[in-house]
Amino acid sequence: MKKVFEKPKSLTDVPFTYCPGCHHGIIHRLVAEALDDLGIAKDTIGVAPVGCAVLAYLFFDCDIIVAAHGRAPATATGLKRVKPDNIVFTYQGDGDLASIGTAEIVHAANRSEKITVIFVNNAVYGMTGGQMAPTTLEGQITQTSPYGRDPKTMGMPIRVCELLSTLNSPGYIARVALTKPAYIVKAKKAIKKAFQFQIDGKGFSLVEVLSTCPTNWGLSPKESNEWLEQKMIPYYPLGEFKEVF
Amino acid sequence: MVDRLLMRGNEAIGEAAIHAGCRYYFGYPITPQSELIAYMAKRLLKIEGATFVQSESELAAINMVYGAAAAGGRVMTSSSSPGISLKQEGISYITCAELPCVIVNIMRGGPGLGSIQPAQGDYFQATKGGGHGDYHLIVLAPSTVQELADLTIKAFDLSDKYRNPAMILGDGLLGQMMEPVEFKEYDINSIPSKESWALGSSHGREARTIVPFNLDAGEMEKINNRLKQKYIDMQKEAECEVVNMDNPDIIVVAYGIVARIVKTAIQKAKKDGINIGLLRPITLYPFPSAVIRENVHKAKKILVTEMSMGQMVEDVELAACGKAEISFYGRTGGVVISPVEILEEVKKLLK
Amino acid sequence: MLDEIIIAGFGGQGILLIGRLIAQAGMLEGKQVSWMPSYGPEMRGGTANCTVIVSSEEVASPVVSNPSSLIAMNQPSLDKFESLVEKDGIIIVNKSLISRNVKRDDVEVVEVPANDIANELGNLRVANMVILGSYIAKSKSVKMENVFRALEEALYRQSEKMIKLNKEALERGAMFC
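Protein chains in written order, with this note's numbering: chain D, -10 to 234; chain E, 12 to 362; chain H, 2 to 178.
Please keep in mind that the hints were generated in silico from the structure rather than gathered at the bench. Source: prediction; values computed, not measured. Even glycine gets a Cβ: it sits at the ideal position worked out from N, Cα and C. Careful: at least some of the hints might be erroneous.
What the hints assert, rightly or not - Chain E side only, calculated, beta carbon under 10 Å to chain D, not exhaustive:
id: 1; residue: A61
id: 2; residue: G83
id: 3; residue: G84
id: 4; residue: G101
id: 5; residue: H214
id: 6; residue: G215
id: 7; residue: E217
id: 8; residue: R219
Unchecked claim - Label-pair restraints from in silico Cβ distances:
id: 9; chain 1: E; residue 1: G60; chain 2: D; residue 2: T142; range: 46 to 52 Å
id: 10; chain 1: E; residue 1: K309; chain 2: H; residue 2: L3; range: 24 to 30 Å
id: 11; chain 1: D; residue 1: T133; chain 2: E; residue 2: D198; range: 55 to 61 Å
id: 12; chain 1: E; residue 1: N235; chain 2: D; residue 2: G137; range: 40 to 46 Å
id: 13; chain 1: H; residue 1: E154; chain 2: E; residue 2: G60; range: 26 to 32 Å
id: 14; chain 1: E; residue 1: D227; chain 2: D; residue 2: K220; range: 35 to 41 Å
Bound conformation, chain D alone (with noise of 0.2 Å):
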């Protein structure tokens, strides 16, 4: 019987934790594939996050390392510079990578090192408990935004893509979606590409990835899904920011 469809041999056989309807699961998987179509799984070392995403190193079939909150990209920094012949990428949530690493994302982008970022934007703390994120809506309702977020106090949503954009450095930028096919199919290009950049060596590249939480946004999945439709991508426009090198 001819096989049509099987697990990326870039995973490892370990059941993703992920909650039902998460997009964890896809963005693990569309990296994998990504790792296997360029093969180069046996050259990657991963950089885990702090967050829902911090096993993934259970399920990555590469050389991972966990890194603290905030920092996979300096950490990633002193991989690539001491490996510059492996292919490093992160993957982090945007409390980490908008909140809490600011710094780093910004100035790993700026000094364009040669690193993968994949930047998982679901607008709120997933693994703490639903608080908010440099990336929650304006009103939208988290634990610590219990009112909305209030713009006056709190900030408008950080916009990634369009942020490190403005840096006059070489690198790769795009933002894609999961919700429906063809979005999935843009989003493996945009990620074989972002790896793609690194394996040229034409420096940083990051794709932020609009991903869904249902359980902290108290949705069913289906719902998650509009709701991002309807809600973020309006805010957040799906496309290619940058490609300079």
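Since the structure of chain D is provided, determine the placement of chains E and H on it from the hints.
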């Protein structure tokens, strides 16, 4: 004969690190260690394949060290007191992950932003862990520019041997002063291979992980037990200089630059017919408790002197097991103790 | 032998270089040396200064309470350190900038119009070498030829002409001793 070079302490550390095969440095400027980061930039940026990064912060620097160490690089960072405080979370991670690296602290007055003058107020932080969790650093305390160089090289070797971060604990005076220094031959091929555990390409082997945590309490306790065993094994590395211990009237215990100031006090005291013995811990962790214990009974009085409010005095008391009367004299805030002050304190105690 | 020297003046007068050259020359002669820039607050007070020790034995404390010699490039330096100099010590005074006399009568004093001589040589910046020349001639702490060698090493980036001028300044200063 090896050439003697007149070098600043900070620069001697840098040259020693490069001499010992350190090719990766990540740091952030702070007085009074800035000559070191400048020296590493000047040297490493000219060495093919080496890396120098002026990081965006101390936090980033120590986490770059974490990554570089995980990849098997011989790596160093340096800072001064407030900057070392910022690095503590990362140091705790590196210790849990059991990775080797060298961290240099050229201490200045504290607490807070403190002063930029020399001090020894970070003894507790350096020797008792510093960050969260149960761990220790290997802590070496040089007292001359030559020793800054020699102990930097030793720090790399001990750090590799125990897969534990090692700290050079100096002070602003040592960092800023110039003295002749020579770099003895060092065989870079003697650096142990990290192939069996470092991250990189996984062709022909299982993928590896470096994970500074375990969500299972029992498993996390196992990590703590392993670290504990390592600290027990490390005790044999303790070192202490013993000076003038032939029938001393009083024994002074001091480390780093202060121990040299005591040596001048010893010479001055001789003119007054007073015999001062000196015990100078060279390793602050492991602390040379055995040497202290063997010697404290040789004089009725023990004086611990530090440029702090009295931090090492606790370790001396523990080592002495109540067998001696221990006093303390210190200056803080960046004020350097003078030989005359120490001599006066000695005379007061002997009265 | 043991020489403990404090060199003091305004920032910009080349104080640290004077100290470095003495230390470097001492090292070239196989002696033990240390050089310490002004650092501790006990040495503050409008002056830049450094402490140099040249010794035939291991240098213990790099911090000196009572120097055997003082090189004072300006008046605040003399005011600050005069009383600390050891009995029978040496005080070298930059007469161009210090109008008052040294009050101590238990030390040897050399007065050198360092700035005036430097101006005569066409470059005020070598006043530090003039006073160093005088100190070397008076104290014989290190040999002048080794100060020349140290100078060549320290000023390797400078032109031949500049090194020659510095040597000339050292020689002119040496006439005052």
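Each hint tested on the structure:
no., hint, verdict
1, A61, "9 Å, holds"
2, G83, "7 Å, holds"
3, G84, "4 Å, holds"
4, G101, "6 Å, holds"
5, H214, "5 Å, holds"
6, G215, "9 Å, holds"
7, E217, "9 Å, holds"
8, R219, "5 Å, holds"
9, E:G60 - D:T142: 46 to 52 Å, "50 Å, holds"
10, E:K309 - H:L3: 24 to 30 Å, "29 Å, holds"
11, D:T133 - E:D198: 55 to 61 Å, "56 Å, holds"
12, E:N235 - D:G137: 40 to 46 Å, "44 Å, holds"
13, H:E154 - E:G60: 26 to 32 Å, "30 Å, holds"
14, E:D227 - D:K220: 35 to 41 Å, "38 Å, holds"
In the structure shown, no violation is registered for any of the earlier numbered hints.
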